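K.L.:
For reference, the chains in residue letters:
Protein chains: 2
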Amino acid sequence: MAGSLETIFNPKSVAIVGASEVPGKAGERRTRSLLQGGFQGRVFPINPKRDRIFGLPAYPSVAEVPEEVDLVMIVIPPRFIPEAVAQSVQKGAKGIVIITAGLGETGEEGKRIEAEILRIASEGGARVIGPNCSGLFSASAKMNLLGVPPIKPGPFSILAQSGNIIDSLTHYGRLRGVGFSKIISAGNAIGLQFHEYIEYLGEDPDTRVILLYLEGIKEGGRLVEVARQVSQRKPIVAIKVGRTKAGARAAASHTGALAGDDQVVDAALRQAGVIRVANVDELFDVGLCFAGMPLPKGRRVAIFSEGGGDNSIAADNAERAGLEVPLLPPEAQEKIEPHLLQGMPAHNPIDYGGTAEENPEVIVRVVEALMEEETVDCLYMTGFFGGFKEIIAPHVAELEEKAARELVRLVREAGKPLVVHTSFANEPIKALEILREGGIFVTPSSERAAQGLAQMVRFFLRREELKEARPVEVTGVDSERARKIIEGVKASGRRNLLETEARELLEVYGVKMPPAVLAESPEEAAEAASVMGFPVVLKVVSP
Amino acid sequence: MAGSLETIFNPKSVAIVGASEVPGKAGERRTRSLLQGGFQGRVFPINPKRDRIFGLPAYPSVAEVPEEVDLVMIVIPPRFIPEAVAQSVQKGAKGIVIITAGLGETGEEGKRIEAEILRIASEGGARVIGPNCSGLFSASAKMNLLGVPPIKPGPFSILAQSGNIIDSLTHYGRLRGVGFSKIISAGNAIGLQFHEYIEYLGEDPDTRVILLYLEGIKEGGRLVEVARQVSQRKPIVAIKVGRTKAGARAAASHTGALAGDDQVVDAALRQAGVIRVANVDELFDVGLCFAGMPLPKGRRVAIFSEGGGDNSIAADNAERAGLEVPLLPPEAQEKIEPHLLQGMPAHNPIDYGGTAEENPEVIVRVVEALMEEETVDCLYMTGFFGGFKEIIAPHVAELEEKAARELVRLVREAGKPLVVHTSFANEPIKALEILREGGIFVTPSSERAAQGLAQMVRFFLRREELKEARPVEVTGVDSERARKIIEGVKASGRRNLLETEARELLEVYGVKMPPAVLAESPEEAAEAASVMGFPVVLKVVSP
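Top to bottom, those sequences are chains Z and Y. To convert, note that position 287 of the first sequence is 991 in the working numbering; the numbers rise steadily by one, no gaps. To convert, note that position 278 of the second sequence is 982 in the working numbering; the numbers rise steadily by one, no gaps.
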């Protein structure tokens, strides 16, 4: 299945139905971003009112393109889409990306058009991306069909329903200087489903971390199954909105998705080994942690700073995030103490205030000791690193840069992650650039540093668990009986089970249930109880 | 009491014991920051090895300064401090700021020196700030005794134990372009206590928001009492570390503070009307919200964006933060719908995607309708505001700036706060500058936008509650009996109460307790139970 996506992400030719030169139009932005991005294949703008678009010959319809087309992007009003899709499959298109909104998410008429699109595409052997999506990006094809400024190639891939979330993430990526392999806006996902994209990204050698943004979940079972396999190889980090009533309402009016019961979603993501985060910042933070650093093998963190206040906050943050801040054994403390001022704590958190600011080499020595220390799984620096030059004197900059290089080396050699909170994180400081380029997570927020580490720990532990876990095998199921229960429910026009039906269904699948009898009068209840023996519980069954 | 601090924050002369020209030294940094800051009074560097420091005549000791000195800052080793303090009070000093660390927080000898310092100062009529602190800043005196780069005057005052937290906050302030009225590093706080500083800041006309960083709490009762009064006039926002075991340990080795039971701290802060936040980012975010905007009168928030995905995330964030996202009444929706694309939701969250990006005026119209709407207490914009010019076309910049000015005006006129999450928040964009200068909270984090609003709501509701609340009046207390219980505990060398003692003490203060008897054998217990009547509960009492 994943193989068939190869042409979609690395097409030899792209047609854009609704290409335009009018600044700001969806078709204009995407034609421009495709051309600016350096796409190597052929590009066919489709627009019946223009001869040329951005210097390329334009065609009145896909049918009139003089050769085969691998991928077609469609940005025209709903009623014209089925015909464009029909022409696209005629031209041999393997993928059809539909940007247009106002389809299934707005009502019955839109749903009808979606069904027609899907039928035509399927019959013609093409897969549909969208509609109501913002497009695709593929670094390997230099293909930016998102209508956003140039995107740097890099280790992240994004899969999201919402187009504007994709804009947010590519924008953050640009600001933080990180890059992407594939970016997919799935939109209403009437054709290609999330689990198919995830399977493909799982195979993509350029993708190191998969970032998901979910509104509703369709084909949940398949999603969990695929994600569970993929997450053994690479981390999948997800935002799933609709945790709250208002969030679910917003998601429903956005892509028509049913957010589902959040507890079910949570359990499903956990089973799939997917890391769930609360918001875009965290999605990105956690992604950066995974992309750049080795996984911690446990939850014991060492905290260090030139400031006791920052240490206190970090220790609180770490424990609240689910990490442990153990006292270091005396031998470890003895290795660290010579680098600290007399009387400063080396037990963890470690305070190198008064020495490290002028001589950042101290930090390297402390980190070296911690990397060797068996009782420490991960490291968390907090305070002002990178800003010592401003606090102390300009000559310290060079010492900080040297220390940064050493820290990068130590993380790689020892295989333990290091996160860095510094108040100077948002400033253009070379020492911090060195850390970031070396894969170390640097953040202006102490809390986010702790959360990043904690998510890495959780992923590692969960992955170990899932390695061992096997699905429960269910044998000897009386499928006929199960089918009858469900048919009975449907026949009475319901979509939910009565308690008695749910009990029976669970029993069919081998789940042990305490004995129960459906009584239809007080007398029947009394009689049933005297047969079953006391104590009994009485429940109301009502459709 | 607060009056006596006036001289400390607005001294006519300052002596620095331990002044230096050696770059990076604590005494050098503070002498330099005082002179660079434009302090208008007289400055006397004290250093027995130098004739001049930074061009000023230096004196071998405070005693040799040829005139009276209002404020003395001390940056010399512990054993020399008592003599310097004695000389300072001789010179009429009203305040003595002791930067030196290594005193009470490190052990008995340090505690002894602290006691001596305090005795000499008290006898001489001077108040002590610190030791183990980083100094003071006072905008009204242009006095920067913190050894940090220039600080802009502004509406915040900071009171913290930790010096490096103060460095963080002043640094953040600089980055975000906001300013401060007073900054106080209380350190070990052997002399001036937190509640005295808070009382002073409560009276300070230039302080609009008080930011607190607490490690331990001394004189908790006084602190609550003063804070409760002050928070009726201005918000007090606090970080209290030591929420977790590791955090408490870090705080203890930092300023020797006992963090105390966190639930007690939490209850005390709530009683005092103090807003508790989790970390430095939030402290600042919440501070900015309070400093710039009117308070919301309830928890009902309207959310709007050009992106449905951002809306979904925002709605989740809002409900999780404790806000409500109500459906707007039909009349309100009808006012908003004309500004949206056909079929886009106006019920809340509101999605103006496809119209506002090219024409930001749409946002102003939507906000106008929401400001008029009775069922909305506060507003929350999310998405890409400020970046439309980059997404659409450069000419949109001007329209965004115009919209920003209108939004500022609407917030002021309607008296409802507006928080803005935008992915472009960290970029130098004029429209966002206009919002910030107008007091609107702009943040790159959707979650932090929600938290900021939620904290404002909580403060408003809590303040209303506290207005009504009266302390419980306790009459008819048998103080003699209470005293005897406590004396009994002390006499047996304990610092905690047995359950029986606690029960008795509560009863003395009028708290009703179920009957209880202390039994010293199984037989006594059985006898007591038969007298009291069943059911009974048996508990172990053990010192």
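Don't take each hint at face value.
Identical chains blur together in the list; that is why a pair holds if it fits in one copy or across any two.
[What the hints assert, rightly or not] BS3-like, lysine-lysine: derived pairs with alpha carbons at most 25 Å apart: (1) Lys-846 <-> Lys-1001; (2) Lys-949 <-> Lys-1001; (3) Lys-1106 <-> Lys-1194; (4) Lys-1106 <-> Lys-729.
Worth flagging that the hints you see were computed from the coordinates, not collected in a lab. Everything numeric in this text was worked out from a predicted model, so none of it was measured.
K.L.:
What hint numbers does the structure not satisfy?
P.N.:
1, 3
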